[in-house]
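Respectively, the protein sequence lines represent chains V and R.
The first sequence finishes on residue 833 if you use this note's numbering, and the numbering steps up by one all the way, no holes.
The second sequence finishes on residue 269 if you use this note's numbering, and the numbering steps up by one all the way, no holes.
One or more hints might be untrue.
Stated by the list, open to error - Label-pair distances were calculated between CB atoms; the ranges are:
1. V/P567 - R/E199: 20 to 28 angstroms
2. R/K171 - V/T763: 42 to 50 angstroms
3. V/I94 - R/Q239: 53 to 61 angstroms
4. R/K171 - V/L323: 21 to 29 angstroms
Stated by the list, open to error - Below are the SDA-like pairs computed for lysine to any residue, each with C-alpha atoms no more than 25 angstroms apart in a straight line:
5. V/K76 - R/S127
6. V/K76 - R/T177
7. V/K104 - R/P236
8. V/K76 - R/V181
9. V/K57 - R/S127
10. R/K263 - V/A465
11. R/K263 - V/K325
12. V/K705 - R/P236
13. V/K57 - R/G198
14. V/K104 - V/D289
15. V/K68 - R/K171
16. R/K267 - V/L770
17. R/K267 - V/L719
18. V/K68 - R/A130
19. R/K263 - V/T763
20. R/K268 - V/P62
21. V/K96 - V/P204
22. V/K119 - V/K68
23. V/K76 - R/H201
24. V/K76 - R/T189
25. V/K325 - R/Q146
Rather than coming from a laboratory, the hints here were simulated on the basis of the structure.
Where is the CB? At the ideal position from N, CA and C, for every residue including glycine.
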Amino acid sequence: MSVVTPKMIGTRVKRREDPRLITGKATYVDDIKLTGMLHLAFKRSDIAHGIIKSIDVTAAKAMPGVELVITGAELKEFLPPMPIGTPFPSPDHYSVAVDRVRYQGEPVAVVVASDRYLARDAADAILIEYEMLPASIDVEVSMQGKKGIIHEAFPNNLAVPYVPGGTGVDPVAGIVDNTAVDNAFAEADFVLSQRMMNHRLAPTAMEGRGVVAHYEPGKDHLTIWSSTQNPHILKTFIAALTGTPDNQVRAIAPEVGGGFGCKINIYGEDYVAAALSKKLGKPLKWIEDRSEAFQATIHGRDILAYVDICGKNDGKVTGLKIKLIADIGAYNMILTAAIPTLTMLMLNGTYNIPAIRAELTEVFTNKMPTDAYRGAGRPEGTYFVERAMDMVARHLKMDPAEVKRKNFIQPDQFPFTTQMGAIYDSGDYEKALNLALKNANWEGMKAERDRARADGRIVGIGLAFYVEVCGLGPSSSLPTGGWEYSSVTIERSGKITATTGASPHGQGNETTFSQMLADQFGVPMGDVTILHGDTGVVKQGIGTFGSRSQAVGGTVLMKAGEKVKDKMAKFAAAMMNSNEEMDTSEMIFEGGRIFAKGSPGTSVGFGDVAAFAYVPVPLPAGLDPGLSDQAFWEPSNNTYPFGCHIAMLEIDRDTGEPTLLKMVAVDDCGTVINPLIVEGQVHGGLAQGIGQAMIEEVVYDEDGQLLTGSFMDYAIPRATDFPWFELDKTVTPTPVNPLGAKGVGEAGTLGSTPCIVNAAVDALSGFGVTHIDMMLRPEKLWRIMNEGGK
Amino acid sequence: MANQVSIKLKVNGSEQAAEVAPRTLLVHFLREQLGLTGTHIGCDTTQCGACTVMVDGKSAKSCTLFAVQADGSDVTTIEGIGAGGELHPMQEGFWEEHGLQCGYCTPGMIISGIHLLNENKNPSDQEIREGISGNFCRCTGYQHIVSAIKYAAKKG
Chain V
44 MSVVTPKMIG
54 TRVKRREDPR
64 LITGKATYVD
74 DIKLTGMLHL
84 AFKRSDIAHG
94 IIKSIDVTAA
104 KAMPGVELVI
114 TGAELKEFLP
124 PMPIGTPFPS
134 PDHYSVAVDR
144 VRYQGEPVAV
154 VVASDRYLAR
164 DAADAILIEY
174 EMLPASIDVE
184 VSMQGKKGII
194 HEAFPNNLAV
204 PYVPGGTGVD
214 PVAGIVDNTA
224 VDNAFAEADF
234 VLSQRMMNHR
244 LAPTAMEGRG
254 VVAHYEPGKD
264 HLTIWSSTQN
274 PHILKTFIAA
284 LTGTPDNQVR
294 AIAPEVGGGF
304 GCKINIYGED
314 YVAAALSKKL
324 GKPLKWIEDR
334 SEAFQATIHG
344 RDILAYVDIC
354 GKNDGKVTGL
364 KIKLIADIGA
374 YNMILTAAIP
384 TLTMLMLNGT
394 YNIPAIRAEL
404 TEVFTNKMPT
414 DAYRGAGRPE
424 GTYFVERAMD
434 MVARHLKMDP
444 AEVKRKNFIQ
454 PDQFPFTTQM
464 GAIYDSGDYE
474 KALNLALKNA
484 NWEGMKAERD
494 RARADGRIVG
504 IGLAFYVEVC
514 GLGPSSSLPT
524 GGWEYSSVTI
534 ERSGKITATT
544 GASPHGQGNE
554 TTFSQMLADQ
564 FGVPMGDVTI
574 LHGDTGVVKQ
584 GIGTFGSRSQ
594 AVGGTVLMKA
604 GEKVKDKMAK
614 FAAAMMNSNE
624 EMDTSEMIFE
634 GGRIFAKGSP
644 GTSVGFGDVA
654 AFAYVPVPLP
664 AGLDPGLSDQ
674 AFWEPSNNTY
684 PFGCHIAMLE
694 IDRDTGEPTL
704 LKMVAVDDCG
714 TVINPLIVEG
724 QVHGGLAQGI
734 GQAMIEEVVY
744 DEDGQLLTGS
754 FMDYAIPRAT
764 DFPWFELDKT
774 VTPTPVNPLG
784 AKGVGEAGTL
794 GSTPCIVNAA
804 VDALSGFGVT
814 HIDMMLRPEK
824 LWRIMNEGGK
Chain R
114 MANQVSIKLK
124 VNGSEQAAEV
134 APRTLLVHFL
144 REQLGLTGTH
154 IGCDTTQCGA
164 CTVMVDGKSA
174 KSCTLFAVQA
184 DGSDVTTIEG
194 IGAGGELHPM
204 QEGFWEEHGL
214 QCGYCTPGMI
224 ISGIHLLNEN
234 KNPSDQEIRE
244 GISGNFCRCT
254 GYQHIVSAIK
264 YAAKKG
C-alpha cells in the first residue's frame with residue numbers, strides 16, 4: 044500500500060458542484076429537450092377506492108396534437124406488474140390501474156401529446172366512471188378488514204401479518220419464547236404504557252420526479268433520464284419490465300434536485316415513459332407537478348406503536364415491549380415492506396435493555412404507499428424508544444440524561460450484538476452526551492426554563508439520543524446488492540477521471556471524492572473529475588441512500604485508486620531506475636511528483652509517469668500499458684453513527700403556537716471528509732426532523748381524500764421556523780471500512796424529532812401531560828392547556 | 114389552440130419579441146421559449162419560490178405571472194446575475210458558505226436574496242429569514258443560506 048498524506052481530507056473545502064448550480068447552468072431532467080419529443084400526462088383517480096366501470100377517451104383522442112391515449116388495461120398487454128425489491132409477498136401492482144383504483148392519485152390513463160399543456164388538457168377530458176368502494180383509511184380498522192379488503196389475496200389487509208423479534212425469538216427455528224420478557228415485566232418496579240404515532244410525511248424534494256425516455260428503433264436502444272437516486276437499479280428494473288436487454292438500456296440521473304429516499308423507487312411513470320417511447324419510437328417526457336407529488340410520490344413513516352417499558356426505581360430499564368403497526372398504503376413499492384423492519388431492528392436505541400419483545404404488522408390502506416424517507420424506519424424506532432426513555436425519566440423524576448447514562452451500551456462492549464440482533468460497530472455514547480450537555484449548558488437551560496415558568500411562560504427542554512444503521516451493505520442486508528463500484532483512470536495528461544456508482548443528489552460527492560483522490564495521488568483537487576449518474580459511463584453501481592455514499596462509495600473509490608496507484612508506482616520505478624529492484628509499495632505521491640522510498644531526492648513528475656504509461660517504450664517487464672482500474676467492494680457490516688440532540692421550546696399560552704428557541708446537536712458520523720458538507724447534511728436532517736415534530740403531516744380524510752395536497756396545506760419548514768442550530772461532533776471511527784466513515788445524511792432526522800416532543804411534554808407537564816402525539820399543532824396544544832387535552 | 118399574443122420584453126438585458134399563448138406562464142415562456150432553464154419550477158401553488166425572477170427590479174414568482182403580464186417588463190433571471198463572468202456577491206456567498214446542496218431552489222433563493230439586500234443593505238438574521246420565507250429549501254435547513262446572504266451583505 045502506498046503512503047497517503049492527508050491534506051484535503053478533513054478540510055472545509057467549498058464545493059466543486061456549485062459554480063454550475065449558482066449560475067443556472069445545471070441540467071435537471073426538465074431541462075432536457077430532444078427533437079420530436081412528446082409529452083406525457085397522467086389521468087389520476089380522484090377517489091381512494093373503486094372499480095373502474097368505464098373510461099371514455101373520445102374527447103381526449105379528438106384533440107389536435109394528441110398522439111395517443113392509453114388505459115391501464117391496454118398497457119397491461121405489454122407492461123407487466125412492477126417488481127419490488129423486498130422478499131415479502133406482494134399483490135400485482137400495475138403502472139397504471141387496470142380495473143380498480145386503490146388510492147387517490149393512482150394513474151388510470153395516459154396521454155401522449157405534442158405539448159405539455161395539451162397533454163394536461165386531454166387528460167382532463169378523459170371521463171371515468173367508478174363504482175365506489177369504502178375507503179379503508181384508519182390502520183387499526185383496516186387491519187380488521189372492517190372497511191373492506193383492498194387486495195383479495197391479503198385477508199384483513201395484512202401485507203405482513205406478524206414478524207416477531209427480540210429476546211427469545213429465533214426466526215429460523217420459529218421460536219418465540221416470552222419467558223425473559225415476562226419475567227422482566229413481572230419483576231419490575233414500574234411499568235409504563237403508551238400508544239405512540241409516528242405520522243405520515245411527504246418527502247418533498249424541491250425538484251419533483253421527472254423522466255425523459257428515448258427509444259431509438261434503429262439501434263434497439265433505450266436511454267432514460269430520470270430524477271433518481273440510483274440509475275443502475277433503474278436501468279435494471281426498466282430493462283426487465285420493458286423486455287429490453289439490460290445492455291441496451293442506458294439510465295442517466297442528470298442533476299437531481301434532492302431525493303430524501305423518495306427517488307429510490309422506480310415508479311409507474313418511469314416504466315410507462317420507457318414502454319411508450321418504445322412503442323411509439325419517439326422521445327417522451329413526463330414532469331411531475333407538485334400536486335401529483337403529494338398524491339403519487341411515496342410517503343414516509345406512518346407507524347403506530349404500542350409501547351410498554353419497565354424498569355427499576357434506580358433508572359435501569361429492564362424490559363421493553365413494542366407492537367408496531369405500519370400503515371404502508373395501497374401497494375408495495377421497491378422497499379416498502381422492508382422499512383418498518385429497520386424500525387424493529389433499531390428498537391434497542393443506544394441502550395442495553397436485557398429483555399425486548401417486538402412485533403410488527405404491516406397493513407394495506409387506501410393511501411399512497413410508503414417507502415424510504417430520510418431515515419427510513421430508524422427515525423420511527425428512535426422516536427418510540429426516546430419517548431419511552433423520557434417517560435421513564437419523568438416517572439422517576441430523574442434527569443433524562445441520567446437515565447440514559449444508566450442504560451447506555453458501554454464503549455468496551457463494542458462490537459455489541461443488540462437484543463434486536465443488530466451488531467453495533469463502535470460507539471462512545473456518554474462522550475457525545477457529555478459534550479451535548481456542556482454545549483447546551485443543560486443545567487443553565489433548566490434554570491432558564493424554571494425562571495420562564497415563574498414568569499408564567501410555557502417552556503420546556505428536551506433531550507434525545509439516537510443511533511442509526513447506515514452505510515448500507517453487505518448484500519445480505521440489501522436486496523439490490525450491498526456493494527458499490529468505482530473506477531479510477533489516470534489520463535495521459537496526468538489528470539484523474541473517476542467514476543462512482545454512488546450517484547449523488549445534493550450530497551457533494553464530486554467534492555468529497557475529489558478530496559480523497561487528491562490526497563491519495565498527491566495532486567491538486569482540480570485535477571480530479573468525478574463522473575456519476577450515467578450507466579453508460581459508470582459501468583456498475585447501486586446508488587445513494589441509507590447514508591451509504593461515503594462509507595461504501597468512498598471506500599470503493601479508494602480501493603480502485605489503490606490498484607491504479609500500485610501500477611503507477613511500478614511505472615515510476617521503471618522511469619527512475621530500470622536496473623534496480625525498487626520497493627514500490629512505500630513510494631510517496633506528493634505535490635504532483637512520485638518519490639522513491641528512502642531517497643527523497645529521487646522523483647519523477649506525476650504527469651510524466653502518466654504519459655509514459657500510455658507510450659511505454661521500452662515496456663517495463665511485467666507491466667501492461669495504461670493506468671485505469673475498477674473495484675467492487677462491500678462492507679462486512681453496516682455502520683452505526685449516533686448523536687445527541689437538545690432543544691428548548693416555548694408554547695404560546697394564548698394561541699398554542701410552539702416556537703423552537705434552541706437546538707443543539709452533537710453528531711458522531713466517524714471520520715469526516717469535509718466538515719462543511721457534514722454540517723450541511725446535519726442542518727438539513729434537523730430541519731426535516733423538526734418539521735415532522737412541529738408542522739408537517741400528510742392527512743387523508745375518512746374517504747381517503749388527501750387534505751394536504753399542496754404546499755398550501757402541507758407545511759414544509761421555512762427559514763423563519765428555526766433558531767440557529769448549534770452543532771458539534773465527536774469522532775468514533777468505524778472499523779467496518781478503512782476510511783472510518785459512518786455516514787451522516789439521515790442522522791439529523793433521528794434525534795431531533797423525539798427531542799422536540801420531549802421538550803413539548805416537559806413544557807406541558809404542568810397540565811398533567813405525559814405524552815403528546817406529533818405534530819405539535821397549535822390547536823392541539825391550546826386544547827391541552829385549556830381543556831385538559833379533551 | 115388558443116390565439117397567440119405578441120409580447121415584447123427585456124430579458125437579461127436583451128430585447129425579446131415573441132408570440133405566446135395567453136395562458137403561458139412566464140416561467141414556461143422563459144424556460145421553453147427562451148431556453149433559460151436556470152429558473153426552476155418547484156410547485157403549482159406559488160409557495161416554493163424556485164421560479165423567482167426579477168421583474169422590473171422586484172422579485173416575482175414567475176409561475177404566478179402569465180407571460181403576457183410581463184409584456185413591456187424588464188426581467189432578470191439567474192442567467193443574468195453576475196456581470197461579465199464575474200460572480201455576483203450573492204452567488205459568491207452561496208458558494209463560500211455552502212448555501213446549497215441539490216441546487217434546485219438556489220436560483221430563486223439567490224434572486225430573493227438580492228431583492229432583500231436591495232431593500233435592506235444590512236439585514237439581521239431574523240430579517241434575512243423573513244426575507245426568504247417565500248422560498249423553500251428542503252436540503253440546507255436554511256442556516257448556510259442565512260450565512261450566504263450575510264456574506265453578500267458584508268461584501269456589498
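*Distance restraint hint 21 to 29 angstroms, applied to the beta-carbon atoms of R/K171 and V/L323*: Violated, at about 44 angstroms.
*Between V/K705 and R/P236, does the CA-CA distance stay at or below 25 angstroms?*
holds (21 angstroms)
*Taking only the CA atoms, is the gap from V/K68 to R/A130 under or equal to 25 angstroms?*
Holds, at roughly 24 angstroms.
*Does the hinted range 42 to 50 angstroms hold for R/K171 and V/T763 at CB?*
violated (21 angstroms)
*Holds or violated: V/K76 with R/T189, Cα cutoff 25 angstroms?*
Holds - the C-alpha atoms of R/T189 and V/K76 are around 23 angstroms apart, at most 25 angstroms.
*Can the suggested window of 53 to 61 angstroms be confirmed for the beta-carbon pair V/I94 and R/Q239?*
holds (54 angstroms)
*Can the restraint linking V/K104 and V/D289 be considered satisfied, given a maximum Cα separation of 25 angstroms?*
violated (34 angstroms)
*Between V/K57 and R/G198, is the straight-line Cα distance small enough, at 25 angstroms or below?*
With Cα atoms ~19 angstroms apart, V/K57 and R/G198 stay inside 25 angstroms; holds.
_Just to be careful, I want the Cα atoms of R/K263 and V/A465 compared with a cutoff of 25 angstroms; is the pair within it?_
violated (45 angstroms)
_Straight-line alpha-carbon gap V/K76 to R/V181, limit 25 angstroms_ = holds (24 angstroms)
*Does the alpha-carbon distance linking R/K267 and V/L770 stay inside the 25 angstroms limit?*
Distance of about 24 angstroms is within 25 angstroms: holds.
*Is the hinted pair V/K57 and R/S127 satisfied, with a Cα-Cα distance of at most 25 angstroms?*
violated (33 angstroms)
The structure fails hints 2, 4, 7, 9, 10, 11, 14, 21, 22 and 23 (numbered hints given earlier, in ascending order).
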